[in-house]
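Novice: Here is how the chains run, residue by residue.
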Amino acid sequence: MELDNFKELWNKDNKQAPPEISLEKQNEIHSPLEMIRINMKTEFWIMVVTLPTILYGFPFATNDSNIKTISVFEVILSLGFIFYFYSRFIKLYKLLTKSSINTNYDLFNLKTQLLVSKEIYLAYYISYIPLALLMCLIQIGFHFDTGYHVAVFGTSLLISILILCFIIKYWIYNMYGKYIENVVDIVDELNGIEVKSKKAKNNTWFERSQRFLIKKYGIKGNIINTVVWFFSCYVMIFLSLLIILLIVIIIGTKLDLIDLKILLKTLNNLN
Amino acid sequence: MVLREQEFLEKIEKHKGVIFKISKMYMDNFDDQNDLYQEITYQAWKSYDEFLGKSDFSTWLYRTALNTAIVFLKSEKKRSFIHNQSIENLSVHHEGYNDEDDRNMKLMYDAIHELSPIDKALIFFFLEDFTGKEIARQLGITEVNARVKLNRAKAKLKEIIEKQKLFNLKI
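Same order as they appear, the protein sequences are chains A and B. Per the working numbering, residue 1 is the first one in the first sequence, and the count goes up by one each step. Per the working numbering, residue 1001 is the first one in the second sequence, and the count goes up by one each step.
In isolation and in its complexed conformation, chain B is listed as follows (with noise of 0.2 Å):
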């Protein structure tokens, strides 16, 4: 057991980084980005027996991360303390970005979070560089219903662009 878990660790440490990076597309503070990224860990331990090495590891850690996620319930906060908590956590200044870069992640983020969790699992394929046949693998669904579902969330993701555009043109 002990020798499995180290296993599954090592294996995972690699997409960590992408595991919490779906985290942050569902939730949008930083406690419910920590408790998804715990449960989506913990979900995928507790189907690593059901992994068979048939698939990549990574195809299957982040099909089980977006099907954890979208069912995720989101805990009641105190939104106000912790979005500015997660506003400060992003503002935190690291060698290579720029104000600019955390000012469009954050627009990113925000726009990001105001789609289906469907539109959100599908954004990740489309940023991930999935193809249509990967996508429809991962999902279950048609090679042409994935396509079709990828452009209509991603003509619904540049609306919420274009009225984010308007709204800060405004303030």
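Isolated chain A, as found in the complex (with noise of 0.2 Å):
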């Protein structure tokens, strides 16, 4: 069979009638723009519940006026970067609901767009590092000299960094990450730029888990599937960290490596 055979074959095939035009709109996501979308969407809602419990780590009820100005000096910081990081997440978000895809020309805007909007993505997350320094020495009120106040920060900036590692790796690549690989590697192959083959990944278990909700409940399946995952997390990332410090006090404690008293006066007298 040659491929002049083939133009034959497909003028020959018409003996299957098409199946019926439905203009409704189907309960499926069936492109990585879609996808996008929908993840985004998520998101905003995620964040509008969780980003004000972290008001809740600011000391406002501090006697000591020092710490009260620079708490209020960082949470206006934050909120800055918040507003600014949202108003480009929200023309994202109305760019992709309005932008076609009919041209070359709209696709490479697109990678474009969806390129520089994963880099304002990242940065927003690391400018959390130097806001959750300054948090953390806001907890010790900037006295390291006093008990385990160095432990105390050292412990809690780690713990800040590895969610926020956390964040960047796992959960902007299954967001939007891949999706946007996705956009880009077609326009690249479009364009006539090499695209590197890439090693087929396992599936996680959050891929697994989106697969079988989005089969059963569509759309839905996968806000429920992102915003399950998003709170065990959470859940998860605290309550292992916290049965290792418990262990690692214990530990100390039995080998007269930590004064508990100490530390919990320490822990008592904190922001």
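Keep in mind the hints are simulated off the structure, nothing from the lab. Worth double-checking, as some hints may not be accurate.
Chain B stretches covered by chain A per the calculated footprint, using a threshold of three residues with CB under 8 Å from any CB of chain A [what the hints assert, rightly or not]: (1) 1014-1021; (2) 1034-1041; (3) 1110-1119; (4) 1138-1144.
For every residue, glycine included, the Cβ atom is placed at its ideal position computed from N, Cα and C.
Please dock the two separately framed chains into a single complex, following the hints provided.
Specialist: This is the structure we're talking about:
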């Protein structure tokens, strides 16, 4: 069979009657852009619920006026970052809703927008590292010389950085990264840019549950998957770190390396 | 709105067969083909307001169809069951067809499925007798680039057919 025979076969292929057309949108996700859009919407609402809880960490009730002023400044700074980032976030969401992909130019423009947005997204989470550092310093009242302040400071900073690393490595990739890669590869191939062949990755538990829930509940299934994973990871990270800390404290106390009374006093005196 | 919908459905009626063939090029089982077919018509309907009539309706529709197909995400289904179903669909006999055609058609689609999404689009243009200039306009690339890409896609397809022939000889 040669290529010219294909044309003949192609023209003959009209025995299967096409299905009936339905102009109603099905409750299914069919493109990486749709997936990005749905994930953006889900993340936005997750953040609306979770971001205010960060405020709980700020010591507004302290008697130290310096700490109070610094906390207010940090809140304003954080709100500034959040406002800038979410204004870009909403702008991209609108663009994805409106944009057509009917030409190579549309796709190329979209690729650029997605790549720029991904970098802004990364920068947004990285910007939380200095803010987390400042918050940890506020917690110990900027004093390293008392009790276990250095240990408390180090541990809080480590927890914050671990959570941010987790977000940057797994959250961004599963929510947006892999779909952006999909669009970028297509645009690159169309424009003659060499697309590096990627190793097939094993399906993660996130992807498995995502597929299962999408199959069962459509778009809602994807939202349920994201929300469940977000909150369970949040709880798991805190619980596992708490268990590790408790083990370290218990072993440290048994070996007389940690003075429990001083540690408790230090924790009570935190801002 | 109803009039506009009616007008769209009338226009698309003539091209239903080609859209379904695009779906068959991109998807390897009947359910996915049906999903893609519905997605193409939905995307075309969604952007129908953007169609100003400067080009042929078919030209605009094929471009929308191919762009939708290129970025279409496959759904996860029980492949073995659906695969059998699609083979059954293929083997329904109609006047003017024979088993040889059916077999060859299956081989043709199997070979096309091995190609990348962009190569599939190029092969579609080749099968529909588009000129290099028309392909370039459809994909938004230069004519030279379109010709080079088409030749490469054809070479890849030939290679796949050769492999298929060898495989079939072995079994």
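Novice: So, for every hint listed, does it hold in this structure?
Specialist: Verification of the supplied hints:
1. 1014-1021: The restraint on the segment 1014-1021 of chain B holds, since 5 of its residues have a Cβ under 8 Å from chain A and three suffice.
2. 1034-1041: holds (count 7)
3. 1110-1119: holds (count 3)
4. 1138-1144: Coverage by chain A holds here, the residue count being 3 at a Cβ distance below 8 Å.
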